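Trainee: The primary structure of each chain is shown beneath.
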Amino acid sequence: MKILFALLAIFGVGLTGAQARDFGYEKFADVVAQVYGSQYGVIVPFFQMPDASDTDRQAEGYPGSIWNFGAAKGRNKGTIYTHQDQYCNPTPAPALLSSGTTQVNNWLYRTELSAGGDFTVTGATPADVIFQLTALDAKYINSFSIAITNTRRYYLPYNILKDATSRAAVSCGPNFAYGLESVIAGDVTIKIFFVAGVSSGVVFNIRDHIKANLHFKAEGKLGDSETNPVLVFTEGQKAFAIRAEPLPLK
Amino acid sequence: MNWHPPFRRAALLAVALALAGCAGPPTIRGLLKERYPGYDQILPAATALPNEPGFDYLPGNILALALAERKSWKQSALWNNVGIFCPTNIPLSALKPSIRRSTKVVYDVDRSLRKALGLSKLKTSLQLEPNEIEVLRRVSISIVSPKIYALRAGAPRPRYVDACIDALASRSDLHKINSVLVGTVTIDLVFKDNVSLMARLNLLNKINGSFGFGAVRGESYSIVSENVVFGARIRPIRLKPPRAKPLLISMSRIN
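In order, the protein sequences belong to chains A and B.
Counting from 671, one number per residue, gives the positions in the first sequence under my numbering.
Counting from 5, one number per residue, gives the positions in the second sequence under my numbering.
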């Protein structure tokens with residue numbers, strides 16, 4: 671009986687805790703791991719990096735801050751970190767170091783859907799999504815392209831990083847699981863290429879879903895092709911990849 | 005030796021064919037192995053910061069690295085920067101670089117690469133499927149104005165922060181950077197005729213990833229990274245654990 675309860679506990683938790691997969695981010699996580707190294711994972715949704723106006727360093731994105739993330743695997747390698755803006759910064763948060771790094775241009779994801787609107791990925795379920803869009807929306811989309819320019823990597827020397835996460839854990843309490851070690855941000859442009867003949871009403875509806883789900887403030891602009899509409903979202907200095915470790919840092 | 009021109013041409017052709025037969029894979033790791041032996045590739049790539057004393061790719065820096073790909077006969081090793089490091093606090097601008105000559109390597113997919121590597125190795129090195137390789141005609145990698153920065157005799161001594169070294173001391177994955185290669189890297193891809201735009205974009209996505217850095221500029225199919233650290237000579241290092249401190253204080257109290 672004990673074994674039965676143990677199995678129920680393991681599989682029960684596993685089933686109830688099962689997350690919908692995001693096939694678009696799964697592939698993007700592979701690219702992030704390949705280009706920046708397997709220590710980096712994609713962060714979902716992307717968030718705005720702080721600028722010089724954040725003099726108190728209270729915004730999200732400072733290495734040395736502590737966070738809560740959900741973690742899932744990329745398609746072949748890499749990690750997808752999902753967040754709900756649950757973070758806490760040390761006081762004071764250390765000044766950032768940054769250097770330019772690899773840009774991503776013309777990365778293309780072709781929607782993995784059959785003509786009937788079913789996902790074609792092995793093990794897919796109807797609850798799964800593509801860049802946070804359900805199959806109902808995604809069936810109107812041919813492909814997504816992502817370009818990231820002016821890419822910068824933010825990081826800290828280890829003693830400063832370790833001290834910052836320790837101070838944050840003391841002042842913010844025990845409810846945070848990860849220390850943010852490094853962030854890669856850039857000017858992100860996402861283009862959504864629709865299938866031929868899709869109505870403008872559907873395009874605008876999907877634009878609203880993307881804007882809300884991917885946390886874009888800018889309005890998506892409609893490309894000039896009438897028969898194959900293209901939606902373009904552009905926003906500056908969005909964090910799209912991070913490196914994080916469970917607390918306390920070793 | 006005063007060779008007759010036809011003989012000289014034949015000899016040069018033989019040498020060129022022999023070199024083509026020895027060509028490594030068209031990756032940064034392949035180029036490092038061929039032109040800068042002893043240097044490895046580290047990801048993520050970084051633009052060199054001349055005046056930043058905390059830059060993580062400074063010569064003399066101690067950093068944790070994870071091995072991603074071992075070195076082979078044809079390619080140097082690939083490491084992932086774990087992001088745990090102690091800087092020397094000596095910026096690149098305080099060091100006198102050693103200037104090297106610009107270099108260019110051309111990999112002809114039709115001839116030299118097929119002969120040198122065979123399809124399976126080419127597939128592995130570029131991480132492409134056989135049908136994707138078919139659309140490529142040539143790959144060339146050029147390095148412009150390469151410089152080597154190292155802590156040589158007469159250079160300022162590293163100014164490590166004790167607290168940083170102490171925090172790292174227990175780790176077993178530490179390496180010291182002996183020198184770094186900085187330059188502008190350009191990768192040009194030439195496609196065969198009648199290859200669709202979608203096929204080209206798909207291939208560029210994959211290749212961009214396998215090179216580890218660069219940006220694809222629209223239709224020109226060039227991957228360019230300016231003033232980037234594209235190689236590093238490293239060696240494993242073990243740090244001594246921090247010394248115990250309280251003994252002296254308790255003795256002074258006794259006295």
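Be aware that a few hints might be false.
[What the hints assert, rightly or not] Think about it this way: if two alpha-carbon atoms lie no more than 30 Å apart in a straight line, the pair counts; the simulated BS3-like pairs of lysine-lysine are: (1) Lys861/A to Lys108/B; (2) Lys180/B to Lys75/B; (3) Lys743/A to Lys809/A; (4) Lys180/B to Lys151/B; (5) Lys75/B to Lys151/B; (6) Lys196/B to Lys151/B; (7) Lys78/B to Lys747/A; (8) Lys108/B to Lys244/B; (9) Lys881/A to Lys891/A; (10) Lys196/B to Lys920/A; (11) Lys151/B to Lys108/B; (12) Lys881/A to Lys809/A; (13) Lys180/B to Lys747/A; (14) Lys196/B to Lys244/B; (15) Lys151/B to Lys920/A; (16) Lys881/A to Lys743/A; (17) Lys75/B to Lys920/A; (18) Lys861/A to Lys920/A; (19) Lys244/B to Lys743/A; (20) Lys747/A to Lys151/B.
These are calculated hints, taken from the structure and not from any lab test.
Please read these numbers as outputs of a predicted model, since none were measured by experiment.
Trainee: Each hint should be assessed against the structure and marked as holding or not.
Mentor: Checked hints:
Our distance criterion of 30 Å between C-alpha atoms is broken by Lys861/A and Lys108/B, whose separation comes to about 35 Å. Restraint check: the Cα-Cα separation between Lys180/B and Lys75/B comes to about 18 Å, which is no more than 30 Å; the hinted pair holds. Straight-line distance between C-alpha atoms of Lys743/A and Lys809/A comes to about 24 Å, which keeps the hinted pair within the 30 Å bound. Only pairs whose Cα atoms come within 30 Å are accepted, and Lys180/B paired with Lys151/B is accepted, the gap being roughly 19 Å.
Pair hint Lys75/B plus Lys151/B holds up; C-alpha atoms about 23 Å apart against a cutoff of 30 Å. Taken as a hint, the Lys196/B and Lys151/B pair is broken in the structure, with Cα atoms around 34 Å apart against an allowance of 30 Å. For a cut-off of 30 Å, the pair hint linking Lys78/B to Lys747/A stands: about 25 Å separates their Cα positions. Under the criterion of a C-alpha separation no larger than 30 Å, the hint pairing Lys108/B with Lys244/B is inconsistent with the structure, at around 43 Å.
Restraint check for Lys881/A and Lys891/A: the C-alpha separation of about 11 Å stays at or below 30 Å, so the hint holds. A distance of roughly 51 Å separates the Cα atoms of Lys196/B and Lys920/A; the hinted pair therefore is violated under the 30 Å criterion. A hinted pair counts as satisfied when its Cα atoms are at most 30 Å apart, and Lys151/B with Lys108/B qualifies at roughly 15 Å. Proposed proximity of Lys881/A and Lys809/A is supported: the alpha carbons are some 18 Å apart, at most 30 Å.
As the CA atoms of Lys180/B and Lys747/A are separated by approximately 28 Å, the hinted pair is consistent with the 30 Å bound. Simply put, Lys196/B and Lys244/B have alpha-carbon atoms about 57 Å apart, too far for the 30 Å limit, and the pair is violated. Of the supplied pair hints, the one linking Lys151/B and Lys920/A is violated, its CA atoms being roughly 35 Å apart against a limit of 30 Å. Taken as a hint, the Lys881/A and Lys743/A pair is honoured in the structure, with Cα atoms around 24 Å apart against an allowance of 30 Å.
The straight-line distance between the Cα atoms of Lys75/B and Lys920/A is roughly 28 Å, inside the 30 Å bound, and the hint therefore holds. Distance check on the hinted pair: Lys861/A and Lys920/A sit about 40 Å apart at the alpha-carbon level, beyond 30 Å; violated. Among the hinted pairs, Lys244/B with Lys743/A is inconsistent with the structure: their alpha-carbon atoms are about 36 Å apart, more than 30 Å. With a C-alpha separation of about 34 Å, the suggested pairing of Lys747/A with Lys151/B is violated against the 30 Å cut-off.
In summary, the numbered hints that this structure violates are 1, 6, 8, 10, 14, 15, 18, 19 and 20.
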